[in-house]
Amino acid sequence: MKVGDLVKFKGEDENDEGAAKGLLVEMGPNVCGMYGVMWDFLNGQIGWQNENDIEVISESR
Numbered sequence: 001m002k003v004g005d006l007v008k009f010k011g012e013d014e015n016d017e018g019a020a021k022g023l024l025v026e027m028g029p030n031v032c033g034m035y036g037v038m039w040d041f042l043n044g045q046i047g048w049q050n051e052n053d054i055e056v057i058s059e060s061r
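According to the working numbering, the stretch in the sequence shown is residues 1 to 61, in order.
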């Protein structure tokens, strides 16, 4: 995973309109495996997720 990737929670159907989607915006420098994600349901706030809880829908270039 890298900054700019579109992500979702593992196990959610990305084609479901209600499924959360987010943009990976930051990688935690002090906490291994934590990623800052700007989720569509957080009104622009960044939520920190463990790498085991999210997966890439679409990679950035």
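Hints should not be assumed to be uniformly reliable.
[Said to hold, decoys possible] Below, a list of computed lysine to aspartate or glutamate pairs in the EDC-like style, where the Cα atoms sit at most 20 Å apart:
#1 10 / 55
#2 2 / 26
#3 21 / 5
#4 10 / 59
#5 2 / 55
#6 2 / 53
#7 2 / 17
#8 21 / 55
#9 21 / 59
#10 2 / 16
#11 10 / 51
None of these hints come from the bench; they were simulated from the model.
For the pair we were handed, residue 2 and residue 17, check the Cα-Cα distance against 20 Å.
violated (24 Å)
With a cut-off of 20 Å on the C-alpha distance, tell me whether residue 10 and residue 55 pass.
holds (6 Å)
Does residue 5 lie within 20 Å of residue 21 when you go C-alpha to C-alpha?
Satisfied, since the Cα-Cα distance of roughly 11 Å is no more than 20 Å.
Would you mind confirming whether the straight-line C-alpha gap from residue 2 to residue 16 stays at or under 20 Å?
With a Cα-Cα distance of about 24 Å, the restraint between residue 2 and residue 16 is violated, given a limit of 20 Å.
Is residue 2 close enough to residue 26, meaning Cα to Cα at most 20 Å?
Holds, at about 8 Å.
Does residue 53 sit within 20 Å of residue 2, going by the straight-line distance between their CA atoms?
Holds, at about 15 Å.
Given the hinted pair residue 10 and residue 59, is their alpha-carbon gap at most 20 Å?
At roughly 16 Å apart (the allowed maximum being 20 Å), residue 59 and residue 10 satisfy the hint.
Pair hint outcome, residue 21 versus residue 59 [Cα-Cα no greater than 20 Å]
Since the Cα atoms of residue 21 and residue 59 sit roughly 13 Å apart, the hinted pair holds (cutoff 20 Å).
Could you grab the alpha-carbon distance between residue 21 and residue 55 and see if it respects the 20 Å cut-off?
holds (10 Å)
Would you mind confirming whether the straight-line C-alpha gap from residue 10 to residue 51 stays at or under 20 Å?
holds (10 Å)
Hint consistency between residue 2 and residue 55 [alpha-carbon to alpha-carbon, up to 20 Å]
holds (11 Å)
Of the numbered hints given earlier, the model fails hints 7 and 10; all others are met.
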